[in-house]
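Trainee: As a plain string of letters, each chain reads:
Protein chains: 2
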Amino acid sequence: MTEERNIERIKAIRQLLDEGRRAEAAELIVPLLPPDQAEIFEELSVEEQTRLLKFIEVGEAANIIEFLDDDDAASLAEHLDIKVLIRVLNEMEPDEAADLLGDIDPKLRQQSLDRMTDSEEVQSLLQYPDDSAGGLMTSDYYVFHQETRVGKAFDAIRQQPLQDEEIPYIYAIDDQERLTGIARLADLIRAHPEQPLQTVADPQFVSIEATADQEVAAQLLSKYDLLALPVLDENERLLGVITVDDAIEALEEEATEDFYKSAGILSPRDQQTAKSDLMVRGPIWKSWMVRLPFLLLTMIGGLLAGGVIGIYEEALETIVILAFFIPVVMNMGGNSGTQSVGIFIRGYVLGHIDPKSFAKHILREVAVGLGLGIILGFVAGLMAGLWQGDFQIGLVVGLSLLCTVTLATALGFLVPLIINKLNIDPAVASEPVITTINDFTGMLIYFFFASLFIAGLS
Amino acid sequence: MTEERNIERIKAIRQLLDEGRRAEAAELIVPLLPPDQAEIFEELSVEEQTRLLKFIEVGEAANIIEFLDDDDAASLAEHLDIKVLIRVLNEMEPDEAADLLGDIDPKLRQQSLDRMTDSEEVQSLLQYPDDSAGGLMTSDYYVFHQETRVGKAFDAIRQQPLQDEEIPYIYAIDDQERLTGIARLADLIRAHPEQPLQTVADPQFVSIEATADQEVAAQLLSKYDLLALPVLDENERLLGVITVDDAIEALEEEATEDFYKSAGILSPRDQQTAKSDLMVRGPIWKSWMVRLPFLLLTMIGGLLAGGVIGIYEEALETIVILAFFIPVVMNMGGNSGTQSVGIFIRGYVLGHIDPKSFAKHILREVAVGLGLGIILGFVAGLMAGLWQGDFQIGLVVGLSLLCTVTLATALGFLVPLIINKLNIDPAVASEPVITTINDFTGMLIYFFFASLFIAGLS
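Protein chains in written order, with the numbering used here: chain U, 1 to 458; chain D, 459 to 916.
Keep in mind that the hints are not guaranteed to be accurate.
[As the list claims (entries may be wrong)] Stretch-level coverage of chain U by chain D, calculated; a stretch enters the list once three of its residues show a Cβ under 8 Å from a Cβ in chain D:
hint, segment
1, 50-58
2, 100-113
3, 247-253
4, 349-363
[Claimed, not checked] Chain D side only, calculated, beta carbon under 7 Å to chain U, not exhaustive:
hint, residue
5, Ile647
6, His650
7, Asp683
8, Asp703
9, Ala713
10, Gly760
11, Ile767
12, Glu775
13, Ile777
14, Val786
[Said to hold, decoys possible] Distance windows between CB atoms, simulated:
hint, chain 1, residue 1, chain 2, residue 2, range
15, U, Gln123, D, Glu707, 35 to 43 Å
16, D, Glu466, U, Asp155, 42 to 50 Å
17, U, Gly151, D, Lys814, 54 to 62 Å
18, D, Glu477, U, Gly151, 49 to 57 Å
19, D, Glu536, U, Pro293, 50 to 58 Å
20, D, Pro489, U, Ala212, 51 to 59 Å
21, U, Glu78, D, Lys469, 43 to 51 Å
22, U, Ile7, D, Arg616, 44 to 52 Å
23, U, Ile284, D, Phe911, 25 to 33 Å
24, U, Pro203, D, Glu477, 31 to 39 Å
25, D, Glu707, U, Ala212, 53 to 61 Å
26, U, Ala367, D, Ala817, 44 to 52 Å
27, D, Glu707, U, Pro129, 26 to 34 Å
None of these hints come from the bench; they were simulated from the model.
For each residue, glycine too, the CB sits at the ideal point set by N, CA and C.
Given only the sequences and the hints, what does the whole structure look like? Please build it.
Mentor: Quick look at the structure:
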């Protein structure tokens, strides 16, 4: 977006760094907002980053690192002098610090934790996996006992600014640290200073367990239009809060992942190699690695389809024009199947598909496929017949398309539903399985109809 | 998600409505949160909805309608008694009211605007298209002159609760109504009551013009981790504010749209027919309508590929085993092209692809394609050679795959880049164009190598 301006700035920074004018280089970065600073940092080498960082105030440095990609942040952290690293970690939001520590060398992680000022907080966040609700939460929010007077809460807010002051909710807990209500800052402003917090806090709230998937957390924040979501343990004690910005990031990550998976680009969740910028700008061998598995798998389908044709070698020798329509049969089966898988995956992610209503979803999809198959089969059959001046071949092509499209459309739902029941992520495995089945069955159907309707074949 | 519990509740509500016990039916809805209430409403018929709504307090009704799908909200509004509708509209957030009014019958819209209490506010929001930043913004936020004392601002906040109190920012403007700074509620709490607002407000902020695309607004909110984004006119005057919840919705909409488009499912933006729930639960003919165009277009590719085979009819008659490898050549070209388009579209949406660096992107993709082509060509060529015991055919298959995969991968970037330059949405048009080109060129390449390397062929 701001690419062009950035490129100029990066060039200038590089030149200043080369000339040893580091302070001046830093001055080109300091006036920007942290996300823009991070964007520039990502274009620099780790050496350039560390040289620059020495001339940037530590709080600012913490902000920049928070906005870096996980991988970039980790490699920068590992290159920093440990004293600098610890000062930066102390300034970072606890959840971001925990994320960073989770990504770096375990030895360095332990050393850092030993020397950080508030390490218990970060340590407790570190125990949750990155992609769980617990892994997304921060410990940086205002929480008071429910009997606290509003005025007292205000005093505390005045005296203890948070690192990240963006959470506009105040959390009320009882003697057992259980969350009992949530108040908005605005509600507090409107309340009388002598009122206890529980008279202001709303006892009806949405929450999530720490072990839940981050996707569920993001969906809750989105569905209920929340700015932050409290995370509870099994005893309803308040453990942390997930802010909406982290939820957006999680949603974008998941959307990118689903998008890629549906195009046959594999990315093991913990490696995150298939991030959009990596696929467009990263090392080329990484692109190969994430794209090859799917292609190799589907190659089997193509070869199997060839095997089917091989069985009908004699028929093909007799009537060689049969080969002309191999592409259209394969093509239509593949494309209609891909559409169905796409609809399934998106509906599944958004919660519109209920794996329990198996039969209902499949029946609907068969009806959709039948309609598409009739229309496509008619058009292709007509064109084949006109082209060859032979309506026997037209009939064969038409019927083949009807069956192939209907089958492929239904399989587009059936296969992911089954894969889902096997507890495999349907977004990863569906496409190769379906492509293979479609290629294979498409040729079977086609040559079956050919041997049935064309005189002189078997 | 909460499907099962909901189904029970809906059954109970239906039964109570049938028995004329509307108040009791309403009681089953009232204790829920608005998004859950809306979920239940969406399962009911419009008649049931209107009957139920009479027993729900008007503020609550407004909340429910805000969370309904646009289509459902519009049809309910058109069925309501106009007096009820106007009372509901008065209670709705201005941006939601404007969205609803934009979706209903123009006559009813005018009647409603004539009788609403704060219609100017809504009227001014109505002038922006639904998918622009202006169409997403609300007029429900706190704005003060920059010289206002903090204490005075507090008094105003106390006396004028907003319909939606979730915006935790206070906006400071100058004499010309230009936005000069943004303060957080928490900053105000920490300030002295006599301080003027401009000493608290941050003069460095991100904003957007009203005419910009909603996607850009959502990206800014996401990139800068904002809870709300100010919308300005060309003179930097503050027109409204976009809240993060609307941005999330916009992002999900766009992601769904892109996802579908990449699977060849067309949805004209203004019709929004391809929404996930519609594709999974809606009328079957709608599914046909959005899926057919892509399938019919790509059918041309399949038939053209057949035409190419037709040209080589004699070669095929001589060596019929050539037909065995038509599927694998088509298959690999199609799949590697699809991967590239997927990567392009996602990178483009997330802003990682700069259409100006045309050559750089294409060159990188050619390198990726070449690597994939070499590996896939080698594997397929080897298998073909072993299967047929004939390494001439292996060579033909291998070289064909190398060229087809490289070409398809590069086209996966080239075609969307060109389509983008023509100001057509690349997500819609890329797949059919590429599929058609790939099918056609795949066969050309294959039979070209066959006639080159296999003795006895022309």
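Trainee: Does each hint fit the structure? Answer for all of them.
Mentor: Each hint tested on the structure:
Counting residues of the segment 50-58 of chain U whose beta-carbon sits less than 8 Å from any beta-carbon of chain D gives 0, not enough to reach three: the coverage restraint is violated. For the segment 100-113 of chain U, the proposed coverage by chain D is not satisfied: 0 residues have a C-beta within less than 8 Å of a C-beta in that chain, short of the threshold of three. A count of 5 residues in the segment 247-253 of chain U with a Cβ less than 8 Å from any Cβ of chain D is obtained; the coverage claim is therefore met, three being the minimum. Closer than 8 Å: that is the beta-carbon criterion, and the segment 349-363 of chain U has 7 residues meeting it against chain D, so the requirement of 3 holds.
This hint holds: D/Ile647 has a C-beta 6 Å from the nearest C-beta of chain U, less than the 7 Å allowed. Because the closest C-beta pair between D/His650 and chain U is about 11 Å apart, greater than 7 Å, the hint is violated. For D/Asp683, the shortest C-beta to C-beta distance to chain U is roughly 4 Å, which falls under 7 Å, so the interface hint holds. With 7 Å as the threshold, the beta carbon of D/Asp703 comes within range of chain U, its nearest partner Cβ sitting at about 4 Å, so the hint holds.
The interface hint given for D/Ala713 is met, as the beta carbon of that residue sits about 4 Å from the closest beta carbon of chain U, less than 7 Å. The closest approach between the C-beta of D/Gly760 and any C-beta of chain U is roughly 3 Å, which is under the 7 Å cut-off, so the hint is satisfied. Taking 7 Å as the C-beta cut-off, the interface hint given for D/Ile767 holds, the closest approach to chain U being about 5 Å. With a least beta-carbon distance of about 5 Å to chain U, the hint placing D/Glu775 at the interface is held under the 7 Å criterion.
A cut of 7 Å between beta carbons decides the hint on D/Ile777: the least distance to chain U is about 10 Å, and the hint is violated. Interface restraint check: D/Val786 against chain U, minimum CB-CB distance 3 Å, threshold 7 Å, status holds. Evaluation of the 35 to 43 Å hint for U/Gln123 and D/Glu707 yields a pass: the beta carbon distance comes to about 36 Å. Evaluation of the 42 to 50 Å hint for D/Glu466 and U/Asp155 yields a pass: the beta carbon distance comes to about 48 Å.
With their beta carbons about 57 Å apart, U/Gly151 and D/Lys814 fall inside the hinted range of 54 to 62 Å. As the Cβ distance of D/Glu477 to U/Gly151 is approximately 52 Å, the hint placing it in 49 to 57 Å holds. In this structure the supplied range 50 to 58 Å holds for D/Glu536 paired with U/Pro293, their Cβ-Cβ distance being about 52 Å. Take D/Pro489 and U/Ala212: their Cβ atoms lie about 24 Å apart, and the range 51 to 59 Å is violated.
The hinted window of 43 to 51 Å between U/Glu78 and D/Lys469 is violated, with their beta carbons roughly 58 Å apart. For the pair U/Ile7 and D/Arg616, the supplied restraint of 44 to 52 Å holds, since their beta-carbon distance comes to about 49 Å. The hint said 25 to 33 Å for the Cβ distance between U/Ile284 and D/Phe911, and at roughly 29 Å that hint holds. A beta carbon spacing of about 32 Å between U/Pro203 and D/Glu477 agrees with the range 31 to 39 Å that was offered as a hint.
At about 22 Å, the beta-carbon gap between D/Glu707 and U/Ala212 misses the expected band of 53 to 61 Å. Look at U/Ala367 against D/Ala817: about 48 Å separates their beta carbons, and that is inside 44 to 52 Å. In this structure the supplied range 26 to 34 Å holds for D/Glu707 paired with U/Pro129, their Cβ-Cβ distance being about 28 Å.
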